[in-house]
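S.K.: Going down the list, the protein sequences come from chains A and B. Residue numbering for the first sequence follows the UniProt record's numbering, starting at 1 and increasing by one per position. Residue numbering for the second sequence follows the UniProt record's numbering, starting at 1 and increasing by one per position.
Bear in mind the hints are in silico, worked out from the structure with no lab data behind them. All C-beta atoms, glycine included, are put in the ideal place defined by N, C-alpha and C. Where hints are given, some of them may not hold.
[As the list claims (entries may be wrong)] Computed list of lysine to any residue pairs in SDA-like fashion (alpha-carbon distance at most 25 Å, straight line):
#, chain 1, residue 1, chain 2, residue 2
1, A, Lys76, B, Met220
2, B, Lys224, A, Thr269
3, B, Lys180, B, Met220
4, A, Lys130, B, Gly166
5, B, Lys76, A, Pro184
6, B, Lys130, A, Tyr162
7, A, Lys76, B, Ser194
8, A, Lys180, B, Gly74
9, A, Lys76, B, Asn182
10, A, Lys210, A, Thr269
11, A, Lys76, B, Gly186
12, B, Lys76, B, Gly303
13, B, Lys180, A, Leu140
[To be verified] Quick look at which bits of chain B chain A covers, simulated, 3 or more residues with Cβ under 8 Å:
#, stretch
14, 139-146
15, 151-158
16, 163-172
17, 188-200
18, 234-245
Number of protein chains: 2
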Amino acid sequence: MILGLDCGGTKTHAVLVDWNGEVLGEGFGGPSNPNASPMETVRASIRKAVSEALGNFRGSVKVACVSAAGTLGGMKDILEGILGELLPGAEIIVKRDYEIAHVACFLFNPGVVLIAGTGSIAYGINEEGKTVRVGGWGHLVGDEGSGFWVGKEGIRAALRAYDGRGRGTRLREYMLEYFKANTPDGIIGRIYSSENPKTLLGGFAPYVVKAAREKDEVAMGIIKDAVEEIVLTYRAAVRRLGFSSVRDKLAITGGFYFGSRDLLRPLLTRRLEEEFGEKVELREPLMPEAKAAALVALKYMEGKEHEGSR
Amino acid sequence: MILGLDCGGTKTHAVLVDWNGEVLGEGFGGPSNPNASPMETVRASIRKAVSEALGNFRGSVKVACVSAAGTLGGMKDILEGILGELLPGAEIIVKRDYEIAHVACFLFNPGVVLIAGTGSIAYGINEEGKTVRVGGWGHLVGDEGSGFWVGKEGIRAALRAYDGRGRGTRLREYMLEYFKANTPDGIIGRIYSSENPKTLLGGFAPYVVKAAREKDEVAMGIIKDAVEEIVLTYRAAVRRLGFSSVRDKLAITGGFYFGSRDLLRPLLTRRLEEEFGEKVELREPLMPEAKAAALVALKYMEGKEHEGSR
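Between the sequences and the hints, there should be enough to build the whole structure, so can you do that?
M.R.: Here it is as structure tokens:
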């Protein structure tokens, strides 16, 4: 049997599939990103998700594929260690979340997937197997168009309205509400003493989306800027991959996207059609990432068997 | 006698003045910003600067005024404690760096001073004594037009050129040079594992200035954007203070400004003249901040004597 695992910053998802890719079991756990949670939490989350997915299954798992966000670095060893204990004898494959998101959207076919979560990144593969990565440089010098970026721009706009540099916006009131503060000075203390300012600022993105839905022009301006950044990212990836048409080649996923889909999707589709001069049907994932991870493991095993039979 | 002290992130400057404001002694030390350096360093830097300034002077210091950057919070107590030990019996006044910079430029007269250092902030006082602060919201949601901001925008532009989202720029090569790295991935690791990414990114500002001097269009665009941000900040302060003319009312200081003065000053003066529709003579500090701090202490003592004589 084969196990697929999605290790995220807020939850863990595991699926057990058979050699035909049919799902036999599924399990969930808490956060399991080793860059964001303590080892004990990561271990407990993975253990819970995996044991739920295995259920009463008593056979052996031959291979497991894990989807992990952020820089792999030491994370790879940590995840391999934990899974090695839980699944003795299994081969463990650790992949980046954007590689798995690509499979979830394109099933090993060419295309570009853009992830708009707390951070942002695009990843594409063309017919020749060439891969490109665009963006994903983190919250200090990248992540344009992400939830972090939209939240940060919202706070920035609110502060600019407050001190007379920017236009009036209801983001100013929403900012005080979000931080449960009475003055911007209190907010600044909160931001700079935060252990995770990226998550804190990203958490304001839903307020920007809300204000934009309510026709606040400053908030709508931020959303439109995010759309431009996303279009620019697709454009760079499409150019570098040399696609002559983007038909069936563009996909999008991520928590920020799904949280603002009603607003974002029509704006984005219109701008992409202007950009590429053709009809754009923006794909979304065909399956959960844990299932896509399992399919990656399955494909890996097929490749091995194929090699073995030569 | 009176002591003025400027506690900065890279150096400490102390001056001893007499009751006429004449400088009797001067001393220097290393970094002494309690938000950025360990207590032992702060203490040693202040001790060295103060003892040099006192020299052979054997009388007692009646009052000392300290200029300190950043949020005062617990910093005030720390600085008061250290100076209380060094100057037994002296009154200690702790002021924010922008209040002291204002005195250094305007000598207690109305006006707006903008500090463009690693961070940015404007502080103004009008004829009625009303004060305003514009910007200064820190590197995550503010500091537009500062050295941090210019450095960060430079790195961002280099990364955007690298992955095909932005125009070609020599900032890409300068970025690799600055970080002594061969690929952007190595740089990202350096930025996010840095203990002080604000200082690290701000340190790239001189490269952006250099590239702009060399007519790199992307770099020049960043400098022009910085100028626009600075103009916007002055405009907000001037409006809120109700100045009908900005004649003799605008001043600028800060490490980033002085490091790019040849480029920045003419651009800024031209844009300010367009903005306010009159001739602008942008002031710079008339004296070091430590001397201005001493004058604040002197004025405070004069006020006290005046009170006592009523």
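S.K.: Each hint should be assessed against the structure and marked as holding or not.
M.R.: Hint check:
no.: 1; hint: Lys76/A - Met220/B; result: 42 Å, violated
no.: 2; hint: Lys224/B - Thr269/A; result: 33 Å, violated
no.: 3; hint: Lys180/B - Met220/B; result: 23 Å, holds
no.: 4; hint: Lys130/A - Gly166/B; result: 21 Å, holds
no.: 5; hint: Lys76/B - Pro184/A; result: 21 Å, holds
no.: 6; hint: Lys130/B - Tyr162/A; result: 17 Å, holds
no.: 7; hint: Lys76/A - Ser194/B; result: 22 Å, holds
no.: 8; hint: Lys180/A - Gly74/B; result: 23 Å, holds
no.: 9; hint: Lys76/A - Asn182/B; result: 23 Å, holds
no.: 10; hint: Lys210/A - Thr269/A; result: 20 Å, holds
no.: 11; hint: Lys76/A - Gly186/B; result: 18 Å, holds
no.: 12; hint: Lys76/B - Gly303/B; result: 22 Å, holds
no.: 13; hint: Lys180/B - Leu140/A; result: 19 Å, holds
no.: 14; hint: 139-146; result: holds (count 3)
no.: 15; hint: 151-158; result: holds (count 3)
no.: 16; hint: 163-172; result: holds (count 3)
no.: 17; hint: 188-200; result: holds (count 5)
no.: 18; hint: 234-245; result: holds (count 5)
Violated hints, in rising order: 1 and 2; the structure is consistent with all others.
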